[in-house]
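There are 4 protein chains.
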Amino acid sequence: MAGSSWGTLLTMTTWGESHGKGVGVVIDGCPSGLELKEADIQKFLDRRKPGQSRYSTKRQEGDEVEILSGVFEGRTTGTPISLLIRNLDQRSKDYSQIKDIYRPGHADYTFDEKYGFRDYRGGGRSSGRETVGRVAAGAVAVRLLESLGIQVTAYAKSIGPIEIEESRFDRKEISRNSMCMPDAAAAFQAEDYIRQMMEQKDSVGGVVECVVTGMPAGVGEPVFEKLDARLAHAVMSIGAVKGVEIGDGFASAKSRGTENNDAFRMKVSEKKPVKTTNHAGGILGGISDGSTIVLRAGFKPTPSISSPQQTVNRQGENVKIIIGGRHDPIIVPRAVVVVETVTAFTIADMLLQSMTSRIDKIQKFFSEE
Amino acid sequence: MAGSSWGTLLTMTTWGESHGKGVGVVIDGCPSGLELKEADIQKFLDRRKPGQSRYSTKRQEGDEVEILSGVFEGRTTGTPISLLIRNLDQRSKDYSQIKDIYRPGHADYTFDEKYGFRDYRGGGRSSGRETVGRVAAGAVAVRLLESLGIQVTAYAKSIGPIEIEESRFDRKEISRNSMCMPDAAAAFQAEDYIRQMMEQKDSVGGVVECVVTGMPAGVGEPVFEKLDARLAHAVMSIGAVKGVEIGDGFASAKSRGTENNDAFRMKVSEKKPVKTTNHAGGILGGISDGSTIVLRAGFKPTPSISSPQQTVNRQGENVKIIIGGRHDPIIVPRAVVVVETVTAFTIADMLLQSMTSRIDKIQKFFSEE
Amino acid sequence: MAGSSWGTLLTMTTWGESHGKGVGVVIDGCPSGLELKEADIQKFLDRRKPGQSRYSTKRQEGDEVEILSGVFEGRTTGTPISLLIRNLDQRSKDYSQIKDIYRPGHADYTFDEKYGFRDYRGGGRSSGRETVGRVAAGAVAVRLLESLGIQVTAYAKSIGPIEIEESRFDRKEISRNSMCMPDAAAAFQAEDYIRQMMEQKDSVGGVVECVVTGMPAGVGEPVFEKLDARLAHAVMSIGAVKGVEIGDGFASAKSRGTENNDAFRMKVSEKKPVKTTNHAGGILGGISDGSTIVLRAGFKPTPSISSPQQTVNRQGENVKIIIGGRHDPIIVPRAVVVVETVTAFTIADMLLQSMTSRIDKIQKFFSEE
Amino acid sequence: MAGSSWGTLLTMTTWGESHGKGVGVVIDGCPSGLELKEADIQKFLDRRKPGQSRYSTKRQEGDEVEILSGVFEGRTTGTPISLLIRNLDQRSKDYSQIKDIYRPGHADYTFDEKYGFRDYRGGGRSSGRETVGRVAAGAVAVRLLESLGIQVTAYAKSIGPIEIEESRFDRKEISRNSMCMPDAAAAFQAEDYIRQMMEQKDSVGGVVECVVTGMPAGVGEPVFEKLDARLAHAVMSIGAVKGVEIGDGFASAKSRGTENNDAFRMKVSEKKPVKTTNHAGGILGGISDGSTIVLRAGFKPTPSISSPQQTVNRQGENVKIIIGGRHDPIIVPRAVVVVETVTAFTIADMLLQSMTSRIDKIQKFFSEE
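Line by line, the protein sequences give chains A, B, C and D.
Here my numbering is used: the first residue of the first sequence is 1, the next is one more, and so on.
Here my numbering is used: the first residue of the second sequence is 1, the next is one more, and so on.
Here my numbering is used: the first residue of the third sequence is 1, the next is one more, and so on.
Here my numbering is used: the first residue of the fourth sequence is 1, the next is one more, and so on.
Hints were generated in silico from the structure; no laboratory data involved.
Treat the hints with care, since some could be wrong.
Heads up, the list lumps identical chains together, so a pair's fine if it works in one copy or across two of them.
[Unchecked claim] In silico EDC-like pairs for lysine to aspartate or glutamate, Cα to Cα no more than 20 Å straight-line:
hint	residue 1	residue 2
1	99	191
2	172	46
3	320	112
4	172	368
5	320	100
6	21	63
7	201	368
8	99	73
9	320	192
10	272	100
11	271	146
12	172	73
13	271	46
14	271	163
15	272	146
16	49	191
17	37	73
18	21	40
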């Protein structure tokens with residue numbers, strides 16, 4: 001059954017395998033009149049590109065995006081935007097090792113069980129390369145949100161045991177270090193930690209946090225299409241994510257009502273209520289409350305490690321595998337832009353959906369035609 | 001926009017407000033031929049009913065379910081199953097306190113922002129009473145899963161700071177204590193802790209864990225309809241849930257690849273690979289791997305507390321609120337059956353979807369007609 | 001698989017069998033603030049009720065609608081509107097004739113093939129009684145459209161060989177005759193024709209036409225969600241419909257470009273282009289062009305006839321059937337309100353969808369918040 | 001809002017404009033293991049290619065399809081199949097005539113009203129070139145249906161006033177004449193008729209019929225996802241279609257029950273009931289009955305004609321337009337393969353959906369795993 005699409009009014013459909021001809025995405029439902037050029041998308045793709053630091057894989061992916069449709073004279077037309085990124089790295093390789101062996105922590109076994117066989121070249125569709133399409137689509141959503149004054153920012157909150165320090169939080173720092181951390185000191189420690197793990201032929205997990213500012217209140221649809229439920233879906237669908245939190249998340253399960261409830265106070269200047277704290281992470285009853293949306297994604301360590309592992313092969317034999325080649329010892333830094341863009345896409349879609357909730361606003365909309 | 005439906009092939013659409021005429025659900029896409037009677041559903045509704053222990057609200061809800069359609073001579077017909085639960089507690093009350101005041105931690109403010117006004121009686125649609133429909137629908141999904149040998153079990157894993165002890169885990173204990181904990185000693189401590197919190201006019205959060213056994217491998221659709229993404233969506237859509245984890249969840253973010261990867265070994269008796277550990281929680285690449293599915297939901301403390309709180313009213317004035325009446329000091333015990341049933345429903349839906357993944361199986365299916 | 005829902009932003013999910021406990025519908029995504037009371041819905045249900053004329057079945061259906069949710073203090077709240085219509089006619093009957101025999105022209109055989117068995121009482125879910133839910137939901141959509149100045153009107157265009165005369169077209173006449181024809185003379189002839197057919201134990205088909213006035217231009221989504229495609233889907237989903245036309249329909253297949261193209265001219269008073277003819281039926285490229293939408297549905301004759309027919313039974317034997325009881329010799333007059341309401345519902349849904357097509361309008365919408 | 005996708009389990013998302021970089025489609029949900037190569041798709045694209053006869057436009061479109069993903073070692077993998085067809089005809093042209101003028105019968109005006117502006121080059125997204133993506137996707141569905149013994153065949157039934165003669169029906173003739181008619185004599189007359197219309201600077205409509213053989217009974221979902229409703233939706237979404245019929249269609253509206261009902265008789269050899277006639281067109285109650293599915297689409301005349309027409313321009317002035325260049329005087333012959341492939345796609349999708357209707361078959365499916 002189909003599962004490569006996301007969104008209701010603003011949708012994306014991604015396609016492509018790691019070592020096939022390319023990867024891409026079709027974005028449908030993007031409103032007309034939005035200025036969009038390839039560079040707007042390329043800058044997001046560049047952020048997820050490997051080879052950005054010495055801790056990521058050296059594969060030379062140009063990852064150059066081509067807009068095939070939906071943009072005319074520099075603006076979106078309202079029709080589907082098809083984006084193509086050719087794979088450069090298609091040269092025939094020796095895949096004999098992974099062709100018949102199920103790598104632990106990977107989807108090799110489950111794909112074979114589900115489909116009877118799989119495109120084993122570099123993980124095929126289950127490769128992290130699948131996220132190229134999401135990032136490209138999310139870049140378009142970012143343009144849409146920007147035009148409405150909404151900003152989405154993600155960063156690494158922790159890498160292995162190294163966590164950022166709130167007191168040192170510096171948004172500008174995120175793009176300055178290879179860890180994508182808003183804390184230079186923590187990034188330095190994290191790099192060191194990763195170096196140790198690489199020497200031990202091991203890999204590391206971490207947590208990505210994402211904040212959305214400038215949100216209007218009223219976005220999100222009860223009961224099953226709550227904003228937090230949609231965000232959890234989107235974020236959990238990123239490979240290697242094993243946990244999602246909104247606001248205080250699991251910490252609120254240990255909290256008390258007197259601590260966890262956010263008080264409202266009138267903001268006189270804006271004539272609207274604001275919350276004095278934000279344990280809720282900007283969402284109440286599944287609907288945005290006008291404060292900053294805060295979410296976190298917990299990533300497991302990269303499953304590809306060069307330490308020997310026990311597993312089985314397609315023939316049903318117990319075997320040992322040592323995964324060769326270079327692999328990112330950590331997914332998190334490259335995943336930051338993935339979390340940011342799927343969040344942006346999901347927010348944009350829900351924002352459009354929220355336009356139809358009140359008859360008075362609908363009447364006003366059509367009377368102004 | 002519509003948001004009260006869940007599922008693709010097996011769907012539910014819930015409706016109803018806390019103090020309206022009733023609540024209910026329409027289940028569509030349920031296969032024909034499943035034995036189903038009201039008692040099959042009632043037993044699940046009884047588990048979420050208040051008044052089960054002295055720590056839950058005393059509202060007298062009969063919560064008796066009536067099957068209005070879709071069942072004929074004791075079996076499902078394949079057509080929509082409409083379930084109705086009349087509200088008994090509709091007597092006119094004094095809602096003046098909450099009518100104009102935004103209760104902290106509740107959806108009062110966001111509903112008003114979204115819709116312009118709200119049914120303020122007992123929280124209306126944003127009340128936890130909304131879950132009655134989900135539980136009823138999930139009960140039908142449980143019947144479907146049982147007929148395929150799949151079992152779903154949820155329980156309280158922690159309440160405030162009290163966590164169950166793995167060594168004392170006893171599944172039979174879950175239904176024996178009012179905390180729904182599989183550990184009698186922890187349940188005893190938790191009851192005591194709640195008692196203290198009530199005395200302090202405070203409330204408590206906790207964590208619900210849910211396990212699914214008997215799952216075939218191959219269920220879940222890459223890329224956006226991964227089994228874990230769907231489960232995260234379903235669980236996060238339950239009111240008061242602020243975090244969702246699969247398998248080791250956020251702990252895996254602090255783990256290493258050598259620890260976190262699950263090795264495969266051949267199970268000779270069944271001629272298939274099994275994992276020697278289950279850090280992944282039964283899902284690899286978004287597809288079930290045949291081992292037990294494990295997920296957790298973190299619930300915030302009940303927002304309704306009788307301690308004084310600062311907030312604003314509809315007129316834009318800063319006010320103080322003390323929420324009267326009796327309220328559950330903890331959501332978790334009553335939420336256990338909610339997590340269990342939405343998990344069951346989501347699994348059942350994805351299971352049906354997985355039937356169309358291979359042409360050889362499709363050919364076999366139709367050739368046997 | 002589920003098939004009882006319709007709509008994207010404004011949705012309905014119908015349920016219920018002919019001789020079960022009742023029929024109903026859940027409407028989700030209806031904007032808040034719309035005035036709605038049971039009488040608004042009841043008047044549409046009364047139009048489809050049998051027993052209105054001597055040519056329709058005498059079954060005494062009260063068909064009284066109860067609003068169970070989604071309306072508070074006389075206005076829609078934005079949450080699901082659940083409507084219940086209890087079946088009065090549930091007394092145990094002798095269904096032995098149709099229990100095991102496949103009535104020609106009915107869905108008895110196909111339901112049995114699909115589901116293994118069926119609720120045979122009065123056709124169960126495949127009965128025309130299913131349309132009660134659609135009509136009730138459509139009545140809500142009519143309220144929504146009215147608030148935006150859009151009117152939907154359906155009527156019988158032909159019954160058997162009797163067609164209305166354009167020169168005698170009188171909208172007020174529609175509700176005055178039992179044929180729902182906007183032409184008193186044609187209605188008189190049609191009644192006479194039906195009388196003859198009843199004497200011959202035969203039944204009659206006909207054509208329903210529906211027009212939508214007050215439509216803004218720009219409604220409908222290329223490519224697969226064109227307004228005409230959605231309308232065709234909705235109308236063809238009504239039992240007994242075998243053909244759907246937009247504008248000139250099949251006549252345009254015999255026309256020429258010079259005849260069939262509608263010229264545009266500026267309407268100076270409104271400063272906008274209008275078409276001098278309307279062969280297109282108000283839709284160009286799947287998008288409303290601001291002129292009247294015109295569609296037609298062709299209904300087959302009622303399959304239930306009391307003439308002897310050849311068929312087979314569940315045991316695989318050739319048998320003869322004479323369908324007893326009273327049956328409408330024609331579906332069309334009661335189907336008029338069904339076509340009208342499904343058209344209204346579909347238009348309303350597409351209207352809401354059209355709000356998100358342009359970024360300038362979206363920016364204006366949110367800046368006015 | 002998004003509208004470029006079709007299907008539930010088997011989906012396609014088309015993209016591309018007439019004179020943009022290319023057109024294409026992403027097919028998702030195609031089962032794994034189906035043999036598929038570019039030539040399987042190319043042969044369908046070649047059938048819709050212009051320049052096949054002297055009555056179609058001379059534009060040189062190579063229309064060569066490239067499979068970008070979803071096929072590995074000659075078989076579908078179960079993941080999205082992305083198909084790309086580059087436009088060759090992108091050279092800069094003089095579009096000044098149609099840039100600001102609304103061509104009668106085209107979507108120029110409605111696109112401008114909806115989106116604020118449009119890609120005016122050759123009709124952009126509203127061009128018939130959009131169907132390339134559908135045909136390519138439908139070709140994949142044809143492969144799926146063939147593997148299950150189901151055949152879909154479309155042909156021109158009438159062109160202007162020229163209709164095929166049942167007695168001369170010859171399926172092999174369809175591919176032999178440029179009219180795609182299964183009747184050589186009718187095709188000869190139709191060609192002559194078109195020649196006359198071209199001389200008169202006029203254009204012609206027609207009717208395409210499509211038949212599906214080898215269908216199992218039980219496909220189609222009541223109530224809104226009836227097989228005929230889905231087919232009507234799919235076919236009406238093809239540009240220039242103004243009417244859709246199933247079986248006897250509008251003729252049944254003039255028929256009587258005794259004529260229109262199809263009798264069942266046991267087919268002893270197959271131990272199943274068959275119908276002695278097929279007025280219903282293979283669908284009863286929205287569910288396939290095992291006999292041949294028959295549908296028809298009525299196409300309006302090509303709106304592009306070189307006769308002078310009255311219209312308005314973007315500046316709101318009344319103007320005259322004479323559409324230059326060569327245009328097909330008839331859409332029908334090239335549309336035959338479009339009707340055939342969207343029918344195939346829709347049938348394939350509904351076929352997959354029908355697999356989950358009975359618990360006994362589901363149990364069998366999973367027990368055989």
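Cross-check of the supplied hints:
{"no.": "1", "hint": "99 <-> 191", "verdict": "neither (33 Å within a copy, 54 Å between copies)"}
{"no.": "2", "hint": "172 <-> 46", "verdict": "within (18 Å within a copy, 54 Å between copies)"}
{"no.": "3", "hint": "320 <-> 112", "verdict": "within (19 Å within a copy, 53 Å between copies)"}
{"no.": "4", "hint": "172 <-> 368", "verdict": "neither (42 Å within a copy, 32 Å between copies)"}
{"no.": "5", "hint": "320 <-> 100", "verdict": "within (12 Å within a copy, 62 Å between copies)"}
{"no.": "6", "hint": "21 <-> 63", "verdict": "both (12 Å within a copy, 19 Å between copies)"}
{"no.": "7", "hint": "201 <-> 368", "verdict": "neither (64 Å within a copy, 41 Å between copies)"}
{"no.": "8", "hint": "99 <-> 73", "verdict": "between (46 Å within a copy, 13 Å between copies)"}
{"no.": "9", "hint": "320 <-> 192", "verdict": "neither (30 Å within a copy, 51 Å between copies)"}
{"no.": "10", "hint": "272 <-> 100", "verdict": "between (61 Å within a copy, 15 Å between copies)"}
{"no.": "11", "hint": "271 <-> 146", "verdict": "neither (24 Å within a copy, 34 Å between copies)"}
{"no.": "12", "hint": "172 <-> 73", "verdict": "neither (33 Å within a copy, 47 Å between copies)"}
{"no.": "13", "hint": "271 <-> 46", "verdict": "neither (42 Å within a copy, 45 Å between copies)"}
{"no.": "14", "hint": "271 <-> 163", "verdict": "neither (38 Å within a copy, 44 Å between copies)"}
{"no.": "15", "hint": "272 <-> 146", "verdict": "neither (23 Å within a copy, 33 Å between copies)"}
{"no.": "16", "hint": "49 <-> 191", "verdict": "within (18 Å within a copy, 52 Å between copies)"}
{"no.": "17", "hint": "37 <-> 73", "verdict": "within (10 Å within a copy, 36 Å between copies)"}
{"no.": "18", "hint": "21 <-> 40", "verdict": "between (23 Å within a copy, 19 Å between copies)"}
Going down the numbered hints, you'll see the structure goes against 1, 4, 7, 9, 11, 12, 13, 14 and 15, while the others check out.
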